[in-house]
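*Asks:* Sequence:
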Amino acid sequence: MHDVLDPRDVVLDEAEHLIHSGYPAEQLQAEARDAASRNDLAELEDIERRLGRLERNRDWPYDEPDDDSTLHGLADAAPELEVPRDALADRIRGCWLGRTVGNTLGKPVEGLSRGEIEIYLKAAGHWPQTGYLPLLDPLPDGVPTLHPSALTATAGRFVDVPRDDDIDWTIMGLHLLETYGRELTTDQIAREWLDRMPFTQTYTAERAAYRNLVHGLRPPATAVHRNPYREWIGALIRGDAFGLVSPGRLGEAARLALVDARLTHVANGVYGELWAAGLVSAALATGSVHEAMRAAKSLIPAGSRLVVALDAVERLYDAGAGHTAALDWVDHELGHLSWVHTVNNAALIAAGLLWGDSFMDAVGITISGGRDTDSNAATVGSVYGAAHGAGGVPEELVGTTHVRVRSAVRDFDRITIDELTERTLRLASDEVRSTSADQRSSRG
Numbered sequence: 000m001h002d003v004l005d006p007r008d009v010v011l012d013e014a015e016h017l018i019h020s021g022y023p024a025e026q027l028q029a030e031a032r033d034a035a036s037r038n039d040l041a042e043l044e045d046i047e048r049r050l051g052r053l054e055r056n057r058d059w060p061y062d063e064p065d066d067d068s069t070l071h072g073l074a075d076a077a078p079e080l081e082v083p084r085d086a087l088a089d090r091i092r093g094c095w096l097g098r099t100v101g102n103t104l105g106k107p108v109e110g111l112s113r114g115e116i117e118i119y120l121k122a123a124g125h126w127p128q129t130g131y132l133p134l135l136d137p138l139p140d141g142v143p144t145l146h147p148s149a150l151t152a153t154a155g156r157f158v159d160v161p162r163d164d165d166i167d168w169t170i171m172g173l174h175l176l177e178t179y180g181r182e183l184t185t186d187q188i189a190r191e192w193l194d195r196m197p198f199t200q201t202y203t204a205e206r207a208a209y210r211n212l213v214h215g216l217r218p219p220a221t222a223v224h225r226n227p228y229r230e231w232i233g234a235l236i237r238g239d240a241f242g243l244v245s246p247g248r249l250g251e252a253a254r255l256a257l258v259d260a261r262l263t264h265v266a267n268g269v270y271g272e273l274w275a276a277g278l279v280s281a282a283l284a285t286g287s288v289h290e291a292m293r294a295a296k297s298l299i300p301a302g303s304r305l306v307v308a309l310d311a312v313e314r315l316y317d318a319g320a321g322h323t324a325a326l327d328w329v330d331h332e333l334g335h336l337s338w339v340h341t342v343n344n345a346a347l348i349a350a351g352l353l354w355g356d357s358f359m360d361a362v363g364i365t366i367s368g369g370r371d372t373d374s375n376a377a378t379v380g381s382v383y384g385a386a387h388g389a390g391g392v393p394e395e396l397v398g399t400t401h402v403r404v405r406s407a408v409r410d411f412d413r414i415t416i417d418e419l420t421e422r423t424l425r426l427a428s429d430e431v432r433s434t435s436a437d438q439r440s441s442r443g
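With numbering that gives the first Met the number 0 applied, the sequence shown corresponds to residues 0 to 443, in that order.
Hint data in this document are derived by calculation from the structure and do not stem from the laboratory. Treat the hints loosely; a few may be bogus.
Computed Cβ-Cβ distance ranges for the label pairs, DEER-style [claimed, not checked]:
1. Pro139 - Glu395: 24 to 32 Å
2. Glu44 - Thr199: 41 to 49 Å
3. Gly321 - Asp410: 39 to 47 Å
4. His71 - Gln187: 13 to 21 Å
5. Arg52 - Gly72: 46 to 54 Å
6. Pro197 - Asp85: 25 to 33 Å
7. Gly114 - Gly155: 21 to 29 Å
8. Glu117 - Leu40: 17 to 25 Å
9. Gly321 - Leu4: 43 to 51 Å
10. His71 - Glu44: 45 to 53 Å
11. Arg413 - Thr184: 26 to 34 Å
12. Ala76 - Leu138: 44 to 52 Å
Predicted model, so just to flag it, every value in this text is computed and none were measured. No residue lacks a Cβ here, since even glycine has one placed at the ideal position from N, Cα and C.
Whenever a hint applies, use it, and build me the whole structure from the sequences.
*Replies:* Written out as structure tokens, the structure reads:
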């Protein structure tokens, strides 16, 4: 399923991506499905060429620019927020804790539908979710399977933070910034991926880009060549590191995130990473999840599907609706999208951040919406932790299990949260000092 080395998957998934992006690809999708069932690779290759010649429907209602000039313009116009220096270390630690704890909370039910998660949580005595989920055996009726990571990410079955790409990419981002600084290039990111990240520990868009690199392609071609996952959630989950080292400087966080996103994504896939980086940057400065959301949305083109989805969720919140109404809206309006698309998952992240009155409440709301539960919970946890500090993440969830982090990134396995915090703080503090000096100079 979604095998970047299998043209039967790649061509079918490309047709689906184009349909969801306003292209008349339905007939070619049907032909691809038939060709795939017959293992006719020559026909699939022909269908792939025909998909590449399609033109977008004229009635497509969205405006989704993907050029650097437009996205840099939005970054340049983003607010710069004052950072309380005495709270910065605690908020950075809160972000790392929130991300790792949130990720673990969502791992066992990743990929389940909203209904399946409700069945499982009720059977487990977690409705609403209050902590790490137990591994039920047998599974309750209506839940055909759990994510394979349930064997190592359910209550009592892990002693360190379980390994996950949602954490690996944040660690990789920190390594990139330590190694190359803020003049980081997409080509440098590509080299570090090949050197430090195993191919089999990457997924969808990241694995397609990795394959393209091995075949000699360079960014930004790596993001589009046989990569039907280029608007999925993979870039969004990589954004935290760039917000962590740019507290209060949303434009700088977005600029760095754009350099990273260019390796694998386009359009809404890119916007998702800019938004995630901006959320963390703003949360570190304001101490408010809601203020962070208002500020970060300015980094996204206003006519995009991502902004339309975020606006819809916010309108429900402002109208006094409960979070269930937001989850219903996602199911009804965005149910056609892949369970790992950027737009529907970002809407679930927004729901958790808007309606969540506590860490567990925010993460639990997002997980209950289904889809990419571990990625979404990691992002909600990181933003909540960045706003509220380490004390905002329940100590009973941290305990002794969220002290060391298992990682597939070379040389980082079992790194501690303390060390991640210290190394991140070093880069973030340099940025805060630089900003303060610039402000004093401009006043002088």
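*Asks:* Hint by hint, where does the structure go against what was stated? Just the numbers, ascending.
*Replies:* Numbers 2, 5, 6, 8 and 10 - these are the hints that the structure violates, sorted from lowest upward.
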